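What follows is the residue order along each chain.
Protein chains: 2
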Amino acid sequence: MAENNAGAKEVKELGEFGLIEHLTKDIKLKHKSSIKGVGDDAAVLNYSNKQIVVTTDLLTEGVHFDLMYVPIKHLGYKAVMINLSDVYAMNATPKQITVSIAVSGKFSLDAIELLYEGIHLACESYNVDLIGGDTCSSLTGLTISITAIGEVDKGKEVYRNGAKIGDLICVSGDLGGAYAGLQVLEREKAVYKVNPNSQPDMSAYDYVLERQLKPEARIDIVEELAKINIIPTAMIDISDGLSSEIIHICKQSKCGAKISEAKLPIHDQTIAVAEEFDLDPTLFAMNGGEDYELLFTLNPEDAAKANQIADISIIGEILPEAEGIKLHGKGEGFTHIKAQGWNAYEE
Amino acid sequence: MAENNAGAKEVKELGEFGLIEHLTKDIKLKHKSSIKGVGDDAAVLNYSNKQIVVTTDLLTEGVHFDLMYVPIKHLGYKAVMINLSDVYAMNATPKQITVSIAVSGKFSLDAIELLYEGIHLACESYNVDLIGGDTCSSLTGLTISITAIGEVDKGKEVYRNGAKIGDLICVSGDLGGAYAGLQVLEREKAVYKVNPNSQPDMSAYDYVLERQLKPEARIDIVEELAKINIIPTAMIDISDGLSSEIIHICKQSKCGAKISEAKLPIHDQTIAVAEEFDLDPTLFAMNGGEDYELLFTLNPEDAAKANQIADISIIGEILPEAEGIKLHGKGEGFTHIKAQGWNAYEE
Chain A
1 MAENNAGAKE VKELGEFGLI EHLTKDIKLK HKSSIKGVGD DAAVLNYSNK QIVVTTDLLT
61 EGVHFDLMYV PIKHLGYKAV MINLSDVYAM NATPKQITVS IAVSGKFSLD AIELLYEGIH
121 LACESYNVDL IGGDTCSSLT GLTISITAIG EVDKGKEVYR NGAKIGDLIC VSGDLGGAYA
181 GLQVLEREKA VYKVNPNSQP DMSAYDYVLE RQLKPEARID IVEELAKINI IPTAMIDISD
241 GLSSEIIHIC KQSKCGAKIS EAKLPIHDQT IAVAEEFDLD PTLFAMNGGE DYELLFTLNP
301 EDAAKANQIA DISIIGEILP EAEGIKLHGK GEGFTHIKAQ GWNAYEE
Chain B
1 MAENNAGAKE VKELGEFGLI EHLTKDIKLK HKSSIKGVGD DAAVLNYSNK QIVVTTDLLT
61 EGVHFDLMYV PIKHLGYKAV MINLSDVYAM NATPKQITVS IAVSGKFSLD AIELLYEGIH
121 LACESYNVDL IGGDTCSSLT GLTISITAIG EVDKGKEVYR NGAKIGDLIC VSGDLGGAYA
181 GLQVLEREKA VYKVNPNSQP DMSAYDYVLE RQLKPEARID IVEELAKINI IPTAMIDISD
241 GLSSEIIHIC KQSKCGAKIS EAKLPIHDQT IAVAEEFDLD PTLFAMNGGE DYELLFTLNP
301 EDAAKANQIA DISIIGEILP EAEGIKLHGK GEGFTHIKAQ GWNAYEE
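Chains A and B, in that order, give the protein sequences.
For the first sequence, counting from 1, position 218 maps to 218 in my numbering; every step adds exactly one.
For the second sequence, counting from 1, position 133 maps to 133 in my numbering; every step adds exactly one.
Please note that the accuracy of each hint is not assured.
Which copy is meant is left open, because identical chains are indistinguishable; a pair holds if it fits in one copy or across any two.
[Claimed, not checked] Okay, derived cross-link-like pairs now, EDC-like style, lysine to aspartate or glutamate, Cα gap no bigger than 20 Å in a straight line:
(1) LYS32 <-> ASP153
(2) LYS263 <-> GLU117
(3) LYS106 <-> ASP220
(4) LYS251 <-> GLU21
Hint data in this document are derived by calculation from the structure and do not stem from the laboratory.
Just so it is clear, the structure is predicted and the values come from calculations on it, not from any experiment.
Here chain A stands alone, though its shape is the one from the complex (with noise of 0.2 Å):
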């Protein structure tokens, strides 16, 4: 748990310019295209013939995350993470960061300092210039912003409308987990309130804690699928479940899908977890979201060199629209899937 309720006052001696300066003094620029970072009216880069790629995320406290249970160093790594893996959607590369946040007066300058350790850390890990940014106060809570933006050779870039009938649908690493987490770290959180003082043995649950706490952008996918000259024809980041990413591909590529349920990619631990909550583990895998996998689409031809990288599934077939968006399961039947995802207008 965040040590956030200390004294805020060195945050209010440092001042807004005192605050980003400090947060921002050990930067070093890595990137050729970053020409100029932090210091300036804006920050100044240079992507000669490369297309760029931008995307930016907003994340406020107690709709997106919940301090309780949430370290506040992996919510800065975590809150990178979303933005990276938008860009890697693109089959872009990203390359620099802006991070603005907005904390109230709840928070001491020991937890900014954490949050910028966790954003540090993931920049670090990816290779990433932290370039600019904003430092504020709210009335309450946290807010975090982030823009992240990439390149990509022209013609590379991979877009949601690009699937084609026949094609086949793929997904990276394993689905569900990162729910099952959340539903291990809300179910003790509810213990907490009951008993201060109880201390869970959370070792059965590492890897569901970890997809939920620590998720990782899909880099190596990225990477992997150039290395053997492989462009999916259509390509999303599983942000709010893969029932919801794949309506988007379909929406936009003018196509319906059919996904096997036996295909799913789930973790022995995340359908225990499942079991354990009285839950069906797909519809974990079909609704969770924040796995931040990739959900993309192959020429069939492509699928034999796809298969050389170990942690892609192949769990279904793009179909004409009229088939609609189908989950086939493990019997004979089937079930129109409709988006289920995360909604943050939903009480």
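Following the hints, put chain B in place on chain A, whose structure we already have.
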């Protein structure tokens, strides 16, 4: 006053994806550099051989704006201006923005639409493409995060660190007006709290209210300077007040500065408001902030040319660092300039 307290049922019905689609459905991309806008994991841009400029700002309700007296459409417009102003301060031209908002349940769809009307109007007026963003919910209040992206020919970008001893210090427009407007609005808010039926006559304050509620970024100054082939040696936009900004330039350029109080451009209405509040108009001009004028330094050889531009005032001169940063009063003496700008962390 924004009608933001109607039921937010429609927002929930639309959901996150529906809301984004609803707010962005009429967008047409205008720039060759905007390859792909809203609707995928990321936007795609192509800047061929131009330098790219990126800036971002986060605004939170209750800290940066008060919806008691800021019409929400104006807020959308101003939020864009704040970012465009940063791009102009690099001597660059903004081309794209991303907009992320987090809104609590108290905001109706009408209110969010009005906010976006202001954003779209700003994009239209300043020839900028809205290429992406994020729309999510917050537990309380409204947060707006905007990232602006622009272009500048290599070698023409202007940083804060290029001022040289003997350079002339210039500002565009007039100073302190936005702060005067804020004083009037704060007073009317206090009156309103006591007597909600009061109908104040605000016609005597039209200029300063417009400065506060609907500031304009100085595209015209950047264009005029380019037309007569002047590249400032250093430039910054005035968001936190002249004191704070001249200190930024001096610190980064490793120099001192002398500003003449008598040369400060202050509008008659700003002076009248300052006097009404028994305050010194010079304080408004030096520390007021939010004017979004440009502060820049020029090689003295460019002075005659710069005088062709109507709305520029030469207010001082760059000195050696050891001289400090001084304001020469209308009499004999001088005072050292300290950053008194708006500090978001002060209560």
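Now the hints, each set against the structure:
no., hint, verdict
1, LYS32 <-> ASP153, "both (16 Å within a copy, 17 Å between copies)"
2, LYS263 <-> GLU117, "neither (38 Å within a copy, 46 Å between copies)"
3, LYS106 <-> ASP220, "neither (38 Å within a copy, 43 Å between copies)"
4, LYS251 <-> GLU21, "between (45 Å within a copy, 13 Å between copies)"
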